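**Q** Sequence:
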Amino acid sequence: MRPSRPNPYAPLQYGALERITENVYLFRNIVNSSIVIGDKGVAVIDTQVNRRMGFRVLEAVRTITDKPILYTVNTHYHWDHTNGNIVFHDVGATVISRDMTKNFMVSRAPRQKAFLQSRGFELGEDPYLPDETFQSETELNLGNQSLHLIHLGAAETDDAVAVRIPKEHCIVSGDTIMTGSFPIFGQPVMNEGLMANHDWINTIRELRTYQPDHVLPGHGPLAHDAEIDLLLRIEEYFLTEVRKRVDEGMELNELLVDLENHLPDWITQIAEVWGTPRYAALRVYRGLIDMPEPGWQHFKPSVVPTADPSEVEEKSSNLDSFEGYRQAAEELGEGGDIGLMLAVLRDATRQFPENPAAWTELAKSLNQESRVVSSVLEKGDFFSDARIAIQTALELDPEYAPALLLLGQTLITIAYRNGDDPAAGLAYIHRALNLPLTDIQLAQAYFSIGLANRTNGAEPEAKAAFARAIEANPKFMPAQMANMV
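The sequence shown begins at 265 in the working numbering and counts up one residue at a time.
There could be a bad hint or two in this list.
Pairs of lysine-lysine, PhoX-like flavour, derived with a Cα cap of 25 Å [to be verified]: (1) K643 <-> K377; (2) K727 <-> K739; (3) K304 <-> K508; (4) K331 <-> K431; (5) K628 <-> K643; (6) K739 <-> K628; (7) K304 <-> K331.
Everything labelled a hint here was simulated from the structure, so no lab data went into it.
Since the structure is predicted, the reported quantities are computational estimates derived from the model, not experimental observations.
Sequences are here, hints too, so could you generate the full structure?
**A** Here it is as structure tokens:
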């Protein structure tokens, strides 16, 4: 008997506190934060993917100690480790990073932000910048508990900092060490990360010279020798295999197809959350090939399925209305031909470019079919195309209710999954509720309100909204599922 699948709309636990030693804790989430306690106060290392998650870390600290939070440390400049800085600054912590990190939080922010927004992330305000910086090494004292902040070398980023906690025999590694899923080896839009010079490998080896009992990674569960050995094995594999194909004269598209068709089982069996073998190959390739603009990877093959143009022509040649296109696409989707379904819907937007329904249907299908890939970043190929489509629909008709609903649903779903603030999505849902809606659209609207309340921890309000959704349309399955828990 197969185990039942978890309810996709159940209340989520946004992070879990794991005790590593008497005075060191790991706050496990899609990105990790570390907590160190001394006699005089506390340090929080890395501050989460968004401000709401930063508050959750603060709440977790208060379950284990009422000592003041003296310091917040950023191990590197990436937004998912710095977005909660303001939360800890506001309770009196001094935010500390390398001087390079503070510089990168400004100078590399536009490119990083553009890349992440293309992946479907809503980043909000820029992170609060560090109050104090250091060059290569510094020491903090929490009272009978010293922290040694050191730059061991370049890793996922050029500014990578590790935090040694000698008394506890621990090291907080930031993204120099990632465990539990396939690593992200650096954003392909930056000239850093997994490079042919083996810097990252050398940095890991330097970290190991301190012989820590525990390594608290930037992502994933606690790291020991087995987890670190696997990370090094993955890095060495891609450095070797990508270079071999470059030396053979393969162009990037050919290289990716060939490499992905020959991946060993021990690679393909690794779970994907952020990174993928494709992103790893892109990163290494970027370090081997001169690009017209330093640091920018211009070619990123999309994982969105496509179809042969002749098949699209054959399928759509007799269609003369948008409804005909929609029905044809629905039949293809039911038959599992996702590439041809999306191609037919794209053709509909070319045939009916002024019809917001055509653009909204394309966006809805792209969002739904993003489930065919597991990586958060690869899903961005779908989300990026969907966002363009839905923006086009709203440019054609700013009060087109299905587009407002879809955008609101999308933003609330992202907030629910990331533990973020759903307010932006709610605003679109409430705009749609001021317009005439069908029963199914009312159900979608109230379901989204319920999911937003669930994200905020307001469970009675969530249940009430799910009930209204079921009242509007008793057959609306998402609301029924959400109301079961």
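**Q** Are K739 and K628 close enough, with their CA atoms no more than 25 Å apart?
**A** The given pair, whose Cα atoms are some 20 Å apart, holds under the 25 Å limit.
**Q** Decide if the proposed pair is consistent with the structure: K727 and K739, CA atoms, cutoff 25 Å inclusive.
**A** Holds. K727 to K739 sits at ~17 Å (cutoff 25 Å).
**Q** So if I understand the rule, the pair passes when the alpha-carbon distance is 25 Å or less; does K643 with K377 pass?
**A** Holds, at about 17 Å.
**Q** Quickly compare the C-alpha distance for K304 and K508 to 25 Å and report which way the hint goes.
**A** violated (54 Å)
**Q** Holds or violated: are the alpha carbons of K304 and K331 at most 25 Å from each other?
**A** holds (7 Å)
**Q** For the pair supplied as a hint, K331 and K431, confirm whether the alpha-carbon distance does not exceed 25 Å.
**A** holds (19 Å)
**Q** Verify the proposed pairing of K628 with K643, using a straight-line Cα cut of 25 Å.
**A** holds (14 Å)
Comparing the model with each earlier hint shows a violation of hint 3 alone; every other hint is respected.
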